[in-house]
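Chains as they are written, first to last, in our numbering: chain A, 1 to 145; chain B, 1 to 97.
None of these hints come from the bench; they were simulated from the model. Some hints here could point you the wrong way.
Unchecked claim - No more than 30 Å apart at the CA atoms, straight line, and that leaves these computed lysine-lysine pairs for BS3-like:
1) K94(B) <-> K6(A)
2) K46(B) <-> K6(A)
3) K58(B) <-> K46(B)
To be verified - Cβ pair distances, simulated, as ranges:
4) R65(B) <-> P139(A): 35 to 43 Å
5) A37(A) <-> D15(B): 35 to 43 Å
6) A11(B) <-> E16(A): 35 to 43 Å
7) G79(B) <-> M1(A): 15 to 23 Å
Unchecked claim - Chain A residues, not near chain B, derived (Cβ > 10 Å throughout):
8) H24
9) A34
10) Q73
All C-beta atoms, glycine included, are put in the ideal place defined by N, C-alpha and C.
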Amino acid sequence: MASFVKIADFVEHLAEGAHDLDTHQLTVALSNTAPGAESSDPTGDGNGLLANVTEISYTNLSSRDLTLTSSSQSSGTYSLVLQDLVLSASGAVATFEFIYIYNDGTAVLTDPLIGNYDYGSPALTLANGESLTIDFTGPALFTLA
Amino acid sequence: MRTEKIAAMQAARADLQKDLAPLRKRAEEIRVALLRGKDIEAAERKKAQDERASIKSKIGEVMDRLRNLDRLIVGFVRGEPNAYKIVAEMGIFKGDK
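All chains should be modelled from the sequences, with the hints used to inform the complete structure.
Below, the structure is given as structure tokens:
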């Protein structure tokens with residue numbers, strides 16, 4: 001199972017009103033550069049924006065937009081639940097290993113990051129007709145308590 | 001045949017997301033205006049909140065259709081030999097009690 005890597009800035013962005021996770025569009029970004037190898041590590045303080053991620057070219061890849069299942073709390077614990085996402089290739093897609101989740105819908109910041117996952121080595125190269133399912137089996141993307 | 005079928009479902013999904021974009025944009029405009037506009041009169045604030053609630057309801061309708069489509073796509077690719085998968089662990093943000 002791929003571990004959820006927290007973006008340090010996310011908690012501040014959340015506290016300061018950048019996110020409305022009930023209505024904003026959350027999207028997946030793909031990278032073949034490890035966070036620690038970026039010129040500004042996006043998991044570090046003050047760097048939690050998509051601009052600090054070296055994205056691959058998305059040519060031949062299906063939509064990366066995530067679908068919300070529910071955004072709600074129960075007994076003081078908030079859960080953000082998402083549908084599993086299938087990324088499918090209609091031709092060769094650039095190699096990637098790191099999968100970021102970011103908010104593409106907020107007007108307060110430009111593409112703030114939420115977390116990322118490492119697919120693991122070897123990195124993935126999708127050929128025509130192949131797909132990658134991101135299975136949010138957790139069952140939530142994250143909980144907040 | 002399989003590739004074409006997946007492509008058609010993904011295209012339908014992308015169309016639904018296009019329908020969502022203007023609704024989300026308007027909902028966000030109202031949200032930010034309410035967030036920043038501390039001096040907005042109560043009546044105006046209520047009107048904006050009502051409009052946002054109405055938009056959120058419309059977003060919910062489109063999301064229902066998207067969820068169904070997502071389930072179809074996931075079900076369709078499951079078990080295919082050239083379908084890769086990453087199982088994403090849940091993140092936990094927890095404060096001290």
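### Task
State the violated hints by number, sorted upward, taking the hints as numbered earlier in the document.
Hints 2, 4, 8 are the ones this structure does not satisfy, whereas the remaining hints hold.
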